[in-house]
Amino acid sequence: MANVELMPKLGMTMAEGVILRWIKKEGDRVEQGEPLLEIQTDKVNIEEESSYSGVLLKILAPEGATVPINEPIAIIGEEGEDVEKILSGIGKSSQSGQLESENRETEKAEVKGAELKGIKESVREERHVQTDKPRATPVARKIAKENKLDLKEVVGSGPKGRIQRADVEKYLKEIEVKPAITAKPEEISGRVPLTGMRGIIADKMQKSMNTAPHFYVTMEIDMSEVLTLRERLNGKLKDVKISLNTILIKASATAIKGFPIVNAYVEENSIVMKEGINIGLAVALEDGLIVPVVKDADKKGLSEIAREERALVEKARNGKLMPDEYSGGSFTISNLGMFDVTRFTAIINQPEVAILAVGMVREVPVVVNGEIVIRPIMEATLSSDHRVIDGAVAARFLKRIKEILEDPIQMIV
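The C-terminal residue of the sequence shown carries number 413 in full-length UniProt numbering, and the numbering is unbroken.
Think of the hints as simulated: they come from the structure by calculation, not from any bench. What you are looking at is a predicted structure, and each value in this text was computed from that prediction instead of being measured. Mixed in with the good hints there might be a few duds.
[Unchecked claim] Here are the computed distance ranges between Cβ atoms for each label pair:
hint, residue 1, residue 2, range
1, E363, S157, 57 to 65 Å
2, D390, K236, 37 to 45 Å
3, E78, L20, 48 to 56 Å
4, L20, S51, 39 to 47 Å
5, S224, E275, 31 to 39 Å
6, D390, K170, 44 to 52 Å
7, T211, P260, 15 to 23 Å
8, K170, V373, 54 to 62 Å
9, K170, V368, 53 to 61 Å
10, E268, V368, 20 to 28 Å
[Stated by the list, open to error] Heads up, simulated BS3-like pairs for lysine-lysine below, C-alpha to C-alpha not over 27 Å straight-line:
hint, residue 1, residue 2
11, K170, K241
12, K320, K257
13, K236, K24
14, K170, K238
15, K145, K184
16, K204, K25
17, K399, K295
18, K173, K148
19, K204, K241
20, K299, K274
21, K295, K315
22, K145, K170
23, K295, K257
24, K295, K274
25, K145, K241
26, K241, K299
27, K173, K184
28, K25, K9
29, K184, K204
30, K145, K236
31, K257, K402
32, K148, K204
33, K320, K300
34, K300, K399
35, K295, K402
36, K184, K207
37, K238, K173
38, K295, K207
39, K274, K399
40, K173, K204
Cβ atoms here follow ideal geometry from the backbone N, Cα and C, with glycine treated the same way.
Using the sequences and the hints, build the whole thing.
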């Protein structure tokens with residue numbers, strides 16, 4: 001006699017179950033207590049045992065169907081037994097149950113779809129919120145609201161940039177000490193066109209700084225011997241006056257003879273070594289600056305350099321220098337000592353590769369042989385083009401100038 005297997009009630013709250021899979025197929029032999037199918041409840045998945053022994057004659061609820069408890073799911077009986085009679089008895093309820101099951105599946109799918117849609121909308125909304133509103137703690141929002149502060153202006157230090165109370169308090173403290181910014185129109189007294197000599201100087205200095213990587217070395221030089229020599233020479237010479245610049249020109253030219261790399265310039269990818277040693281002296285004018293050049297200064301005596309220097313400076317100040325008199329320089333000296341400047345750095349006069357900036361000679365206490373004495377000291381700073389001159393070379397060259405000035409007889413003999 002055929003028996004009807006029903007959807008079991010597997011828990012107090014179970015109202016229906018989902019048939020995950022049939023372990024036995026129609027026509028299979030099954031013994032009572034043997035696993036027949038797997039059912040999913042609202043909490044767990046369970047292998048359900050057969051309630052009867054016999055042949056699985058008919059499966060009434062397919063895999064995936066949701067069936068209410070106590071509804072028929074299968075017929076088990078003797079092999080070859082007619083199930084139509086049983087089906088006629090349970091057909092209506094079975095079909096009804098299957099239809100109901102399909103409807104519930106549809107509803108469930110709709111519910112799941114609605115839930116999924118809801119979740120997606122929720123995620124989208126959350127992302128939207130994260131984009132428009134900074135992440136912040138409730139306390140931080142409260143303090144910001146009390147101070148009418150837009151949290152977008154605050155940088156958060158919390159996880160994922162979340163703004164915390166300390167961040168808001170720190171920001172409020174910062175804006176308290178910020179000076180009030182008030183728009184103030186720029187006041188000018190006039191404009192001077194950057195043309196003529198001023199324009200040329202601006203162009204040359206900018207190109208020099210952009211082209212030559214400058215570096216600087218400075219030394220203090222005892223000018224005692226130079227001042228003594230100048231006094232003695234000026235006491236003997238009647239038609240010319242030896243200036244400090246005269247001696248600096250001669251000393252620099254003498255030093256360059258031992259450092260030919262200083263007497264060079266850069267042309268494309270080459271360092272060009274010059275033959276003549278031509279020393280320029282920067283001369284300040286009312287509307288600019290010019291550098292007249294004493295040619296072959298290393299071959300001339302101090303009196304000859306002094307006469308040429310005086311003539312060139314006079315021409316420069318009267319605007320009568322010829323191009324040949326302010327071009328072709330090897331090395332330039334810039335002296336601002338007459339303006340009480342003690343130390344400064346100068347921009348290299350291209351295409352040269354070095355320039356010497358000297359300050360005023362002033363009396364300074366120095367230690368000599370263990371005793372403090374007062375000596376006339378001048379500070380000299382050498383600017384060098386690092387493409388051509390290295391630091392050690394620049395230091396040795398400046399030291400050579402120092403040696404000559406502290407023992408000026410070297411540049412005479």
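Given the hinted pair K170 and K241, is their Cα-Cα distance within 27 Å? 70 Å, violated
Pairwise hint evaluation, K170 against K145, where the allowed Cα distance is 27 Å at most: 15 Å, holds
Take the C-alpha atoms of K399 and K295, compute the straight-line distance between them, and say whether it is at most 27 Å. Holds, at about 23 Å.
Quick one, are K295 and K257 close enough, alpha carbons at most 27 Å? 14 Å, holds
Starting from the hint 44 to 52 Å, judge whether the C-beta atoms of D390 and K170 obey it. Holds, at about 49 Å.
Within 27 Å, alpha carbon to alpha carbon, are K145 and K184? 32 Å, violated
For the pair supplied as a hint, K236 and K24, is the alpha-carbon distance within the 27 Å limit? Not satisfied, since the Cα-Cα distance of roughly 134 Å exceeds 27 Å.
Between K145 and K241, is the straight-line Cα distance small enough, at 27 Å or below? Since the Cα atoms of K145 and K241 sit roughly 81 Å apart, the hinted pair is violated (cutoff 27 Å).
Quickly compare the C-alpha distance for K274 and K399 to 27 Å and report which way the hint goes. 22 Å, holds
Satisfaction of hint between K257 and K320, Cα-Cα up to 27 Å: 31 Å, violated
With the threshold set at 27 Å, check whether the alpha-carbon distance from K241 to K299 stays at or below it. Roughly 19 Å between the alpha carbons, so the hint for K241 and K299 holds.
54 to 62 Å as the expected CB spacing between V373 and K170, which holds or is violated: 58 Å, holds
In summary, the structure is inconsistent with hints 3, 4, 10, 11, 12, 13, 14, 15, 16, 19, 25, 29, 30, 32, 36, 37 and 40 from the numbered list given earlier, while agreeing with the others.
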